[in-house]
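Colleague: Chain residues, written in single-letter form:
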Amino acid sequence: QKEVEQDPGPLSVPEGAIVSLNCTYSNSAFQYFMWYRQYSRKGPELLMYTYSSGNKEDGRFTAQVDKSSKYISLFIRDSQPSDSATYLCAMSSQTGANNLFFGTGTRLTVIP
Amino acid sequence: KAGVTQTPRYLIKTRGQQVTLSCSPISGHRSVSWYQQTPGQGLQFLFEYFSETQRNKGNFPGRFSGRQFSNSRSEMNVSTLELGDSALYLCASSRGTSGGVNTQYFGPGTRLTVL
Chain A
22 QKEVEQDPGP LSVPEGAIVS LNCTYSNSAF QYFMWYRQYS RKGPELLMYT
72 YSSGNKEDGR FTAQVDKSSK YISLFIRDSQ PSDSATYLCA MSSQTGANNL
122 FFGTGTRLTV IP
Chain B
38 KAGVTQTPRY LIKTRGQQVT LSCSPISGHR SVSWYQQTPG QGLQFLFEYF
88 SETQRNKGNF PGRFSGRQFS NSRSEMNVST LELGDSALYL CASSRGTSGG
138 VNTQYFGPGT RLTVL
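Chains A and B, in that order, give the protein sequences. Going by our numbering, the first residue of the first sequence is number 22, and it counts up by one from there. Going by our numbering, the first residue of the second sequence is number 38, and it counts up by one from there.
Mixed in with the good hints there might be a few duds.
As the list claims (entries may be wrong) - The list that follows gives simulated cross-link-like pairs (lysine-lysine, DSS-like), each with its CA atoms no further than 27 Å apart:
| hint | chain 1 | residue 1 | chain 2 | residue 2 |
| --- | --- | --- | --- | --- |
| 1 | A | Lys63 | B | Lys50 |
| 2 | A | Lys23 | A | Lys77 |
| 3 | A | Lys91 | B | Lys50 |
| 4 | A | Lys77 | A | Lys88 |
| 5 | A | Lys88 | A | Lys63 |
| 6 | B | Lys94 | B | Lys50 |
| 7 | A | Lys23 | A | Lys88 |
| 8 | A | Lys91 | A | Lys77 |
| 9 | A | Lys23 | A | Lys91 |
| 10 | A | Lys23 | B | Lys94 |
| 11 | A | Lys91 | B | Lys94 |
| 12 | A | Lys63 | A | Lys77 |
| 13 | B | Lys94 | A | Lys88 |
Stated by the list, open to error - Computed far set for chain A versus chain B, every beta-carbon distance over 12 Å:
| hint | residue |
| --- | --- |
| 14 | Gly37 |
| 15 | Lys91 |
| 16 | Gln115 |
In short, the hints are calculated from the structure, not lab data. Quick reminder that beta carbons are idealized off the backbone N, C-alpha and C, glycines included.
Given these sequences and hints, build the entire structure.
Modeller: This is the structure:
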């Protein structure tokens, strides 16, 4: 079993929809949780990160972490065609660590 | 500020050969991490170099090795290539300092195809 599980999708939604992306994990030592966005033929770029449990909001994006359930989510409000990309969750157990554990990514398409 | 650059962008090799990939981090960044990305496994951490020393290592065989130079540029080498090594190899740079989250900036990757 992989340490981080993510529904690969693909997910297709109409413009303006609310998108929910999720990951589950098995390692209770994970404390830092990140969401990356990867466009085709590009490297991933960091969207948001949260530490431990709780919510974090940044514009149209909201990240949630529920450590008791080992479950993290990313919500995208008022989705736009430019949000079409692969979304990857990532996590680590150490402060400052660069050895991240990634989900396999969910491919999202927002239809105009 | 220039981003992370990786060369070459595409590479085709045959089984048994070896390959060297190069990564130039963002100026001022001392940490370089390497990841392998495949459709089935996603991104998997290979290793991290900080100030010319390997600081972390993932669960890959010894055929995968790397090094970092004094200017923080890094190279990754794969010897005795296997078909399963076909993947996108991503390099990420960060400041590498402790505390909180080190934002990693990824390059566009090198697409390696092993025939």
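Colleague: Now, for every hint given, state plainly whether the structure supports it.
Modeller: Hint-by-hint comparison with the structure:
1. Of the supplied pair hints, the one linking A:Lys63 and B:Lys50 holds, its CA atoms being roughly 22 Å apart against a limit of 27 Å.
2. Note on A:Lys23 and A:Lys77: the hinted pairing holds, with a Cα-Cα distance of about 26 Å set against a maximum of 27 Å.
3. A distance of roughly 41 Å separates the Cα atoms of A:Lys91 and B:Lys50; the hinted pair therefore is violated under the 27 Å criterion.
4. Annotation: proposed proximity of A:Lys77 to A:Lys88 holds, straight-line Cα distance about 14 Å (limit 27 Å).
5. A hinted pair counts as satisfied when its Cα atoms are at most 27 Å apart, and A:Lys88 with A:Lys63 does not qualify at roughly 31 Å.
6. Of the supplied pair hints, the one linking B:Lys94 and B:Lys50 holds, its CA atoms being roughly 25 Å apart against a limit of 27 Å.
7. Restraint check: the Cα-Cα separation between A:Lys23 and A:Lys88 comes to about 17 Å, which is no more than 27 Å; the hinted pair holds.
8. Distance restraint check for A:Lys91 and A:Lys77: the Cα-Cα separation of roughly 17 Å lies within the 27 Å cut-off, and the hinted pair is therefore satisfied.
9. The suggested pairing of A:Lys23 with A:Lys91 holds, with an alpha-carbon distance near 13 Å, which does not exceed 27 Å.
10. Taking the CA atoms of A:Lys23 and B:Lys94, the gap is near 18 Å; set against the 27 Å cutoff, the hint holds.
11. About 25 Å separates the Cα atoms of A:Lys91 and B:Lys94, which keeps this hinted pair within 27 Å; it holds.
12. A hinted pair counts as satisfied when its Cα atoms are at most 27 Å apart, and A:Lys63 with A:Lys77 qualifies at roughly 26 Å.
13. Pair hint B:Lys94 plus A:Lys88 holds up; C-alpha atoms about 26 Å apart against a cutoff of 27 Å.
14. The claim that A:Gly37 is not at the interface with chain B holds, since no C-beta of that chain comes within 12 Å of its own (minimum 29 Å).
15. Its beta-carbon lying about 18 Å from the closest one in chain B, A:Lys91 satisfies the requirement of being farther than 12 Å from that chain.
16. For A:Gln115, the non-interface assignment is contradicted: its Cβ lies about 9 Å from the closest Cβ of chain B, within the 12 Å cut-off.
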